[in-house]
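Chemist: This is what each chain is made of:
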Amino acid sequence: MASPVLADRPAVTPRPGRRRRPGVGRSDHLIGWLLITPALIYFVVFLLYPAVAALYYSFTDWNLRAPANWVGLANYTELLFNDVQFPHFWKSVQVTLQYTLIAVPLTLISALAQALLLNAIRRGSNLFRLLLFLPVVTAEAAVGAIWRWLYDPQYGLINAILGLFGIPKQNWLNTPELVIPALAFIAAWQCGISMIIYLAGLKGIPESIREAAIIDGAGPVQRFWKVIVPMLRPTTFYLIVTGTIAALQVFGLVYVIFSGGGGRSVTGGPEQSGLAYVLHIYLYAFRYDAMGAACAMSFLLLVLIMIVTALQFKFLKQEAS
Amino acid sequence: MIRRVTGAAAVAALLAGLTACGGSEEAAGSTTLTYWMFQDRTPQAAEVVEKIRTDFEKANPGVTVKIVKIPKDDYNTKLGSAVAAGTVPDVGILDQPLVARYALDKTIVEMPAGTVNEADYFEGALNTNRVDGKLYGLPVDHTAVALFYNKKLVPTPPKTWDELKQISDSIHKADPKIAGIVVPKGDGYGAWMFPGVVHGAGGEMVDEQNKKILFDQAPAVEALQLWVDLLPSSPREITDSDMAFANGLAGMMISGPWDVATIKDQFPELDFNVAPLPYKTQPAGNIGGENAVVFAKGKNADLAWKWLKFLTNSDNNTQLAQALGGFPINKAAAERDAASFGEQQQGFLEQLKVAHARPALPDWIKINDEYIAPAIEAALSGKMTSQQALTEAADKTRALLGWNS
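For the protein sequence lines, the chains are A and B, in the order given. The first sequence runs 0 to 320 under numbering that gives the first Met the number 0. The second sequence runs 0 to 404 under numbering that gives the first Met the number 0.
So that you can see chain A by itself, here it is in the shape it has in the complex (with noise of 0.2 Å):
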């Protein structure tokens, strides 16, 4: 899940001084917003509505089935304040830092490693593009039994391959300070995103440049630190805003690790060591019957996302250089 999505850019360039051609009229004007009406609709019922509603219902005592009454901000203040009605909700903030921490650079490293195998090599590039992008479109159902049975403590390859070092067997998804690092490790199996849109930075890097440092007397090492990281760098940026955003919403991958089958409840895995902080909304909205806390929950998260986005443009170098 930690796979950001594509920036939406805007499609027209304004270009000031330029007057507005003759002929472009009111009708013009009509067939413009009929032309974007669906995506306007789409937009308003799907997105702008449920946030609107949402945000209303986080100063309510929703339970999805009665009236919902206005009870001001404590849905707020019970979150953070009081451990008996929410437990875990503290737990499920650090989880969630914790995994964002861990996943968002191991994605990152994972993902230019295979974009610069990808762009080094000039046969059969398709194929392994194919094949390192195929773990994004696997369903995530399948992803989950897939993964379980790679970490299981007897059989899994995972523990197989590491006792070829000597290393002894983990149980990785039931051992609480191994969950996350496990979860993190999947994510970063998932960059196929990510590694296509370095892919694509490094494409952009101009061959010229490339030669004059071999010129120059730089080696592989030198040329990666000197050149492809600093010419990267607004792609690195994009991807760990992105990143970031996604993996604090991390639900997914979570739910169908733990679920197990059988129509077992998630409840977060280990000691709640894998209680993220959308499946902690998803069990308040859904399972406990308190959807206006839900609601007051995914506020924050808002909030704690525009935070850590800020932050980010802030302090991190978002030019090439």
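Hint data in this document are derived by calculation from the structure and do not stem from the laboratory. Misleading hints may appear alongside valid ones.
Label pairs and their calculated CB-CB ranges [stated by the list, open to error]:
| # | chain 1 | residue 1 | chain 2 | residue 2 | range |
| --- | --- | --- | --- | --- | --- |
| 1 | A | P104 | B | G341 | 51 to 61 Å |
| 2 | B | E49 | A | S124 | 35 to 45 Å |
| 3 | A | N68 | B | V67 | 22 to 32 Å |
| 4 | A | G31 | B | V67 | 37 to 47 Å |
| 5 | A | N68 | B | P70 | 26 to 36 Å |
Cβ coordinates follow ideal geometry from the N, Cα and C atoms, glycine included.
Since the structure of chain A is provided, determine the placement of chain B on it from the hints.
Modeler: Relative to chain A, chain B alone:
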């Protein structure tokens, strides 16, 4: 997947889509009863349901029963949305732990006195519909967990806790690669099984009438300690492996009838059977299954109860329960048709005679998941003693409910 909107927006969008479904329509000149149930498990199950439906229509001229089948995973969400939108069915399945919630906010109606003869039904199953002493629905089928045992490793199943510990020890001693029993975990599922063990020590989880939390008392502590004591002979690194019991890596496990079919299908060589749970002072177990309720905003309440009586009468209930993957709640049906259940199912039939309903508290799912499950986990991982863990959970529950004892 929508990634840039908040979780709630996604969730609300989902709801907006769902409320479009549901509702009921009335054909002219006849009465239509809308019934919601879970999606059929097999095509054969669909035939059974269809036959019961047509039989009911034949017996009640002018009545049409419209059955809406919804995937189990989406059911509660859809039902909640329908209630919010006022488009509920007349009658439908309701998860056992939801009955108390729906009853207390008057989403469902009380069963009129004299609708059924209560003695016809198993007490545990009927009690899953009881809130504050009143019945708010009828069970359609019921199910429970019981003890699966590998006949090669466990020739005679244990009856008591002492025998259980002893057998588990000897299995693991004989072969350290094999665990005695798959000990349940401290998650929502393990916490659901736990009361069955507590009742086996003569205890109760909660006394709803006198507003008392009892799961920090001796029977519950002993029940949790039993699980803790089983761990040395049942190491997690063995039992956490996928299907450890079916793979022959564990001598016993606690699970439900749904695993019988899976194991028989995927591990035909495994020689296993099912016995009632071992107990300390009295045989006991937990209960699950499907209840059916009549909605306050639905129509034709009389007809709805008639339909539920029809589903649960001794003629239809066995077939229906088998189609739903559970067991009949009608005593006469269960007794008469016991032989139509397979060898392993007999253990469950036996177990269900002593089943206890879970506490009828609207917050029970949350108490189960958020307090009891972590307490079980804390004791099993050795971070707390059983007593400490359950005391803490009980105190939190008291604070949540505002109860003093």
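Chemist: Mind listing which of the numbered hints don't hold for this structure, in increasing order?
Modeler: Result: hint 2 breaks, nothing else.
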